[in-house]
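> Protein chains in written order, with the working numbering: chain E, 1 to 129; chain Y, 1 to 129; chain P, 1 to 129; chain V, 1 to 129.
Hints were generated in silico from the structure; no laboratory data involved. The model shown is predicted, which means the values in this text are computed figures rather than measured ones. Fair warning: there could be bad hints in the mix.
[Stated by the list, open to error] Some residues of chain P that are not near chain Y, with every Cβ distance over 12 Å (derived):
1. 20
2. 29
3. 31
4. 44
5. 51
6. 78
7. 108
8. 111
9. 113
10. 116
11. 118
12. 120
[As the list claims (entries may be wrong)] Here are the simulated DSS-like cross-link-like pairs (lysine-lysine), alpha carbons at most 27 Å apart as the crow flies:
13. P:94 - V:70
14. V:22 - P:106
15. P:22 - P:70
16. V:106 - P:27
17. E:70 - E:120
18. Y:112 - E:27
19. V:30 - P:70
20. P:113 - V:30
21. E:94 - Y:70
22. Y:22 - Y:106
[Said to hold, decoys possible] Taking beta-carbon pairs under 8 Å as the criterion, some of the chain P residues facing chain Y (in silico):
23. 48
24. 56
25. 58
26. 63
27. 114
Idealized CB from N, CA, C, for every residue including glycine.
There are 4 protein chains.
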Amino acid sequence: MLDILRTHIVRLFFVDFGMDIKEIQDKLAKFAEERDWDQFHSPKNLVMALTSEVGELNDLFQWLTEEQSKNSDTDEIRQELADIFIYLLRLADKLDIDIEDAVREKIEINAKKYPVDLAKGNAIKYNKR
Amino acid sequence: MLDILRTHIVRLFFVDFGMDIKEIQDKLAKFAEERDWDQFHSPKNLVMALTSEVGELNDLFQWLTEEQSKNSDTDEIRQELADIFIYLLRLADKLDIDIEDAVREKIEINAKKYPVDLAKGNAIKYNKR
Amino acid sequence: MLDILRTHIVRLFFVDFGMDIKEIQDKLAKFAEERDWDQFHSPKNLVMALTSEVGELNDLFQWLTEEQSKNSDTDEIRQELADIFIYLLRLADKLDIDIEDAVREKIEINAKKYPVDLAKGNAIKYNKR
Amino acid sequence: MLDILRTHIVRLFFVDFGMDIKEIQDKLAKFAEERDWDQFHSPKNLVMALTSEVGELNDLFQWLTEEQSKNSDTDEIRQELADIFIYLLRLADKLDIDIEDAVREKIEINAKKYPVDLAKGNAIKYNKR
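Looking at chain E on its own, in the form it has when it is part of the complex (with noise of 0.2 Å):
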């Protein structure tokens, strides 16, 4: 019962919610299952074409300056990130690797490296070069 309220809630306020991981990995997943390129996304292979595409959004800033970088929200750009991310997602899902729990985890790993007091103070890590 309470799961399908907990569905019919899922449904009305989805929109509100952010983005569903798992439902986009499924897509990506029926999307090269129906193409027959499963055989070509060993996780090997994922990490070069991840590569390949943020080494594209490398190409889109490589002559700006920060100051012009932080204003170029170009249709260019966005499909750039969309690919990185659609990459990301699928060797995430090929490899059985929760990216969510992952990500909180690192920011729970970043904050005990970080501290903030040392971390200001300091600097340390971008001035350690």
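Dock chains Y, P and V against the given chain E, drawing on the hints supplied.
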């Protein structure tokens, strides 16, 4: 009234609704602000930081065969995916790009670019070289 | 006879004549062979190794301003450039590509692609975005 | 007198002596200067340009098996290697780093880091993960 109800429902059901991208982005923004790191986070710099993490991912996969790569959900790889995700979300936030919208749009674009029958029959994308 | 003369002259004048790419490639090949690493050095894997080193280079430059980057000939950066060069030469060797010829040809191609007056007047390449 | 002799010998024997890195760097510097592109060539920007080219190389290799990658000396790959080399030489020039010296030193460092018997017996580097 409906808003209050929604907020409560969000709290109750959050775990079922997938990731709240915006919430994570806000957490990351606060994290940077508290440490005075915002000055370093120009989109151009964030692209390089993202690239650096993707480089580390390559390091973890470079000597693995495709087969070996299929069983490599180590903690190191898990953390690497999280790092990439974090910089990607931060970058999208700084550029005011709605990454969820961008991903949904890109999937539509890809569906038109690679129609099932054409992609399956010819596998153009993968055979062009 | 001429060959012997040439060999002697090479030895005498080597230092003036720049790098002997082939000699370095042979050294790298021997290095890998002695350690039984040849099995790992498929071109695909070497591309990932090269990428990983370029990622480290990004790490060293990511938070620097353009100005700061102009005075950053640290030993770390020096070693990183060497690593990239080493994997590039190894990759070219494995693919039987004459990297010197390729570079000279590419400079010719670029000269035609970006004629001085056009490139200078309009700076197409840098302004296209 | 000896200098004149050397110059003549260089001309006569150049083709046998490998690449003159400095000569190529000068050519690239002149190329940029003539087009007024020097303003864009900060080391930071050149790192991104190098990264972008390495991304394209990943694009060319991403769906190939390791076996297929061994027979892939296409003109596209050849040009990509040249592009990477060009940006690497340009970057080294801008940073006043002698890339030849750096490479020779790095090979020494690696020889100490991975002594033959240890590296061969245990293959530490490749098995650590």
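> Hint by hint, which ones does the structure fall short of?
4, 5, 15 and 27
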